[in-house]
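Can you build the whole structure from these sequences, using the hints too?
Each chain, written out:
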Amino acid sequence: MELDFLATVLLSSLSSASILLIATIGLAVVFGLMGVINLAHGEFLMIGAYTALTVTQAGVPYILSIPVAVAVTMAIGAIVEILIISRLYGRLFDTMLATWGLSIVFYQLAVLIFGTVTPGIGMPQYNITIGDYNLAGYPLLMIVVAAAMLFFVFALMTKSVYGMKARASIQMPQMAQAIGIESSRVNTLTFAVGCGLAGFAGAVLLPIVPATPSMGFAFVIKAFLTVVVAGPVTLTGSAITALGLGGGASVTASFMTSVVGDVFFFLITALLLWLYPMGISAKWRRKL
Amino acid sequence: MSISEKLYNNAGLIFPGIAIVLALLLAGQIDPYLAFVATSWVIFGLLGLSLDVVWGRGGLLSLGQTAFYGLGGYFGSVVAINLAPTTGNTLIWALPAGAAFGALAAAALGYIIFYARMGPLQSTILSYTFTLLLWSVTQTFKLNVGEASIGGDNGLSNIPGMVLGFGEGAQTIGPNTAFAAAVVISAILYFFTRWLMRGTFGRIVDCIRIDPEKTELLGYDVRKYQLLNFAYSGALAGLAGALFGLWANYLNPSIFSVQEALLVPIYVLVGGLGTLSGAFLGALAIGGLSFFLGGGAVGGQTTLILGIVLVLLVLFLQNGILGGVGNLWRNTLPDPNEAARNAGAVRIESAVLGEILEDAAKEAGPAKNMGTNEAFKQFGGVIPVNKVTQSFTPGKPYSLIGPNGAGKSSFLKACVGMYKPEGGTVTLGSDDITRAPIFDRVRKGMGVKNQKPQVFGELKVADNLWTAAFARTRDKAKAEEVAAKILDMLGLGGQRDVQASALSHGQQQWLDIGMVLCLAPRVVLLDEPAAGMTNEETRELSSLVRTLAKHTTVVVVEHDMEFVRTLEGHVTVLHQGEVFAEGDIETLRADDRVLDIYLGRSEHV
Chain A
6 MELDFLATVL LSSLSSASIL LIATIGLAVV FGLMGVINLA HGEFLMIGAY
56 TALTVTQAGV PYILSIPVAV AVTMAIGAIV EILIISRLYG RLFDTMLATW
106 GLSIVFYQLA VLIFGTVTPG IGMPQYNITI GDYNLAGYPL LMIVVAAAML
156 FFVFALMTKS VYGMKARASI QMPQMAQAIG IESSRVNTLT FAVGCGLAGF
206 AGAVLLPIVP ATPSMGFAFV IKAFLTVVVA GPVTLTGSAI TALGLGGGAS
256 VTASFMTSVV GDVFFFLITA LLLWLYPMGI SAKWRRKL
Chain B
8 MSISEKLYNN AGLIFPGIAI VLALLLAGQI DPYLAFVATS WVIFGLLGLS
58 LDVVWGRGGL LSLGQTAFYG LGGYFGSVVA INLAPTTGNT LIWALPAGAA
108 FGALAAAALG YIIFYARMGP LQSTILSYTF TLLLWSVTQT FKLNVGEASI
158 GGDNGLSNIP GMVLGFGEGA QTIGPNTAFA AAVVISAILY FFTRWLMRGT
208 FGRIVDCIRI DPEKTELLGY DVRKYQLLNF AYSGALAGLA GALFGLWANY
258 LNPSIFSVQE ALLVPIYVLV GGLGTLSGAF LGALAIGGLS FFLGGGAVGG
308 QTTLILGIVL VLLVLFLQNG ILGGVGNLWR NTLPDPNEAA RNAGAVRIES
358 AVLGEILEDA AKEAGPAKNM GTNEAFKQFG GVIPVNKVTQ SFTPGKPYSL
408 IGPNGAGKSS FLKACVGMYK PEGGTVTLGS DDITRAPIFD RVRKGMGVKN
458 QKPQVFGELK VADNLWTAAF ARTRDKAKAE EVAAKILDML GLGGQRDVQA
508 SALSHGQQQW LDIGMVLCLA PRVVLLDEPA AGMTNEETRE LSSLVRTLAK
558 HTTVVVVEHD MEFVRTLEGH VTVLHQGEVF AEGDIETLRA DDRVLDIYLG
608 RSEHV
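Protein sequence lines correspond, in order, to chains A and B.
Just add 5 to the spot in the first sequence (first one is 1) and you have the working numbering.
Just add 7 to the spot in the second sequence (first one is 1) and you have the working numbering.
By construction, these hints were calculated from the structure, which means they are not laboratory data.
Some clues are possibly wrong.
[Unchecked claim] No farther apart than 25 Å at their CA atoms in a straight line, the calculated lysine-lysine pairs in the PhoX-like style are these:
hint, chain 1, residue 1, chain 2, residue 2
1, A, Lys288, B, Lys427
2, B, Lys485, B, Lys451
3, B, Lys369, B, Lys485
4, B, Lys231, B, Lys485
5, B, Lys369, B, Lys557
6, B, Lys394, A, Lys288
[What the hints assert, rightly or not] Calculated Cβ distances over 12 Å to all of chain B for the following chain A residues:
hint, residue
7, Asp9
8, Phe10
9, Leu15
10, Ser17
11, Thr59
12, Ala63
13, Tyr167
14, Leu248
15, Thr274
Ideal Cβ positions, reconstructed from N, Cα and C, are used throughout, including at glycine.
See below:
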């Protein structure tokens with residue numbers, strides 16, 4: 006096997022893994038800090054993508070549409086938390102069902118508003134060349150974006166006052182309230198941040214994954230499995246899982262079909278859950 | 008018992024019965040198109056029933072029911088296409104094939120979920136992704152099996168309709184007859200499921216939902232029951248799928264879609280979770296609703312409305328229609344938990360207890376020794392059990408004491424099997440049980456009472472004891488007999504029909520101890536049994552433990568030194584995971600080193 010081919014596969018797998026991580030981080034934050042699985046996560050991604058698309062079509066430069074997408078998804082996320090999630094606190098499966106219902110509502114609304122087919126957006130096409138192979142530049146940029154997102158979330162959780170409060174609220178809810186942290190407000194913010202991250206993902210991935218109403222479903226399978234395999238230490242766990250699983254699936258897919266890649270992903274997940282029924286990080290001593 | 012009470016207790020038999028008769032009477036009268044559509048509601052009800060079995064009763068929210076439904080549909084239809092022409096009748100081929108394939112798929116997924124002991128969240132997500140995976144795989148999956156051709160996106164067509172007759176001349180039945188046939192099939196399956204869930208199997212499945220740990224501590228192989236229940240629900244879903252194939256004459260990958268999967272929990276929630284018949288009511292309500300909305304302006308937006316309905320249901324109507332009505336009705340009936348307030352104090356008669364224990368010894372064999380050899384357990388840098396070698400024999404109670412964090416409970420958990428030791432061995436009688444699963448240890452004669460009272464709150468007091476006794480005797484009448492004896496001894500005879508959750512904390516402790524006694528254990532392990540008991544109750548407990556120790560091996564972990572003194576047994580002091588001192592309580596009380604570690608004085612810490 007040629008070295009340039011190997012490097013190409015490696016780089017493109019790394020970028021696939023990064024794309025998976027970008028799509029997963031928001032879910033991981035919400036799960037890690039609120040113990041809630043947001044089954045509508047994929048639809049928030051879709052909302053982010055459509056927002057960015059609409060704003061771009063209105064003439065705003067693409068790069069400026071990303072913050073708009075984040076703002077819109079954060080706002081919707083905050084409303085959803087206040088209206089639905091906060092009423093179901095402590096009822097994990099009811100929360101899942103409610104967000105599931107929500108996901109189908111968002112999906113159907115997107116179909117109504119945008120139709121099932123939408124144009125992609127034009128992106129500056131630049132390629133890099135390794136030996137005999139050409140790689141699109143934008144997907145490779147996602148490696149940097151994923152690292153930046155990870156760094157941002159880490160900094161947010163460890164350095165900001167909000168992050169301290171959020172971590173305190175999940176670890177010792179009563180104690181956090183006793184020292185004056187209003188945990189319901191922290192939760193609203195956490196959920197909004199998670200949705201905002203999903204919106205960011207949808208917007209930043211728009212040049213690679215065109216906006217369609219059903220784009221959420223395509224992402225959520227892998228995102229859910231990643232978070233569940235990661236276990237309680239959501240951030241570090243998700244990063245490692247996304248790298249391993251996403252990269253592995255991508256390698257498999259590059260030798261065979263993408264469906265085989267999906268099946269591989271599912272089987273490896275089942276195997277990992279067999280070995281670590283509560284997630285790979287269940288016995289780790291770190292907390293983030 | 009009043010008529011209303013009798014009716015309430017048999018509501019699951021009478022009302023579905025009436026509904027079935029009505030449906031069959033109407034089958035001949037209604038418009039064929041309505042009959043055709045209504046058939047699908049019955050099929051969806053069956054699919055909902057399969058979820059209620061695994062979620063409402065088994066406690067696992069499975070979002071994979073449509074996967075088994077779709078797989079059963081495809082497989083049943085392929086079999087029907089190929090084999091039905093030889094006999095004419097399609098049902099005898101499609102339905103069993105669909106059920107078998109659905110059960111197999113569920114068993115395979117369930118094996119991974121239950122035998123890995125996955126958490127509930129992991130299980131639900133895995134079942135959901137299983138459905139989504141099938142959705143994406145079937146888009147491109149192409150296969151020809153004999154006459155049948157599965158064409159990926161294009162689906163599987165030419166599925167024969169329902170044919171009841173046999174032979175060459177058998178005709179596909181009309182929509183009205185098909186509706187009646189679907190009703191009859193569903194009725195059979197509903198009544199069978201109800202019978203199953205009211206019987207021993209259902210009782211154990213209920214217990215697992217309420218408290219899987221306690222169920223395993225009674226000696227039931229929890230994973231096996233969970234797997235069987237999941238496979239049964241897969242069979243129901245698969246059969247429903249096969250029926251759907253015959254009804255629609257066409258299947259495509261959209262059967263695995265999220266929109267389809269979303270409907271199933273809605274049916275169950277609308278009707279009432281755990282009621283079994285509620286699934287059919289939910290399917291009828293939702294199906295009827297979309298049928299009548301169908302022609303109007305909202306016609307195309309059924310999915311949107313259903314999504315909103317699910318959110319609203321979860322927020323505002325947790326018990327569903329049947330659950331809500333049931334609660335209202337029950338409030339008009341005399342409260343069976345009334346008796347809980349009139350309970351007397353427990354009085355342990357040593358003679359009666361001795362008799363029970365001698366009976367138990369006759370059936371379960373003589374008392375067994377339990378021992379550990381260099382048992383070792385580590386959590387990161389903490390070593391709660393550090394090479395502990397102990398031997399416990401019948402005759403006198405053994406007490407394990409020590410300050411907080413000494414490793415008392417961890418040692419007990421290593422013996423019970425909740426912690427798997429990293430080194431050393433644990434023996435029960437002549438068996439090495441170091442690696443044995445918990446239920447196996449219980450069957451070999453271990454009886455465990457944890458610190459918190461573990462009772463099945465939704466079950467009646469008598470049923471709690473019966474379930475424990477049945478775990479050992481595996482004989483209904485015998486279990487009845489054992490449970491009755493223990494019930495009398497505990498002085499809870501007047502509360503036999505009270506739900507265990509209505510008992511006071513102390514009474515629940517006694518009930519839990521009674522359940523352990525029902526197991527006729529050869530070794531009894533008690534973790535802080537006196538916690539939260541009154542002085543009077545502690546005295547009775549002490550007498551119980553001493554009597555118990557004459558017949559079996561007893562190990563007690565305890566904080567209460569006064570209680571330990573009354574036991575007059577052998578005492579082991581644990582400190583930092585190691586055996587620190589041994590002897591009788593008076594010697595240890597005089598031992599400066601023991602006082603040092605208890606009081607936190609520095610010399611020997």
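Taking the hints in turn, this is what the structure says about them:
About 15 Å separates the Cα atoms of Lys288/A and Lys427/B, which keeps this hinted pair within 25 Å; it holds. For the hint pairing Lys485/B with Lys451/B, the CA-to-CA distance comes to about 19 Å; that is within 25 Å, so the pair holds. Taking the CA atoms of Lys369/B and Lys485/B, the gap is near 14 Å; set against the 25 Å cutoff, the hint holds. Proximity of Lys231/B to Lys485/B is assessed by CA-CA distance (about 24 Å); at most 25 Å being required, the pair is judged to hold.
At roughly 15 Å between alpha-carbon atoms, Lys369/B and Lys557/B fall within 25 Å of each other, so this suggested pair holds. With a C-alpha separation of about 23 Å, the suggested pair Lys394/B and Lys288/A falls inside the 25 Å cut-off, and the hint holds. With 12 Å as the threshold on Cβ separation, the claim that Asp9/A sits away from chain B holds: the shortest Cβ distance comes to roughly 31 Å. Its beta-carbon lying about 26 Å from the closest one in chain B, Phe10/A satisfies the requirement of being farther than 12 Å from that chain.
Every C-beta of chain B lies more than 12 Å from that of Leu15/A, the closest at about 26 Å, which supports listing it as non-interface. With a minimum CB-CB distance of about 21 Å to chain B, Ser17/A clears the 12 Å threshold, and the non-interface call stands. For Thr59/A, the non-interface assignment is confirmed: its Cβ lies about 21 Å from the closest Cβ of chain B, beyond the 12 Å cut-off. Taking the minimum C-beta to C-beta distance to chain B, about 27 Å, the non-interface status of Ala63/A holds against the 12 Å cut.
The beta carbon of Tyr167/A sits about 26 Å from the closest Cβ of chain B, which is more than 12 Å, so the claim that it is off the interface holds. Every Cβ of chain B is farther than 12 Å from the Cβ of Leu248/A; the closest lies at roughly 19 Å, confirming the non-interface assignment. At the 12 Å boundary, the C-beta of Thr274/A falls inside the reach of chain B, the nearest C-beta of that chain being 8 Å off.
Hint 15 from the earlier list is the only one contradicted by this structure; the remaining hints agree with it.
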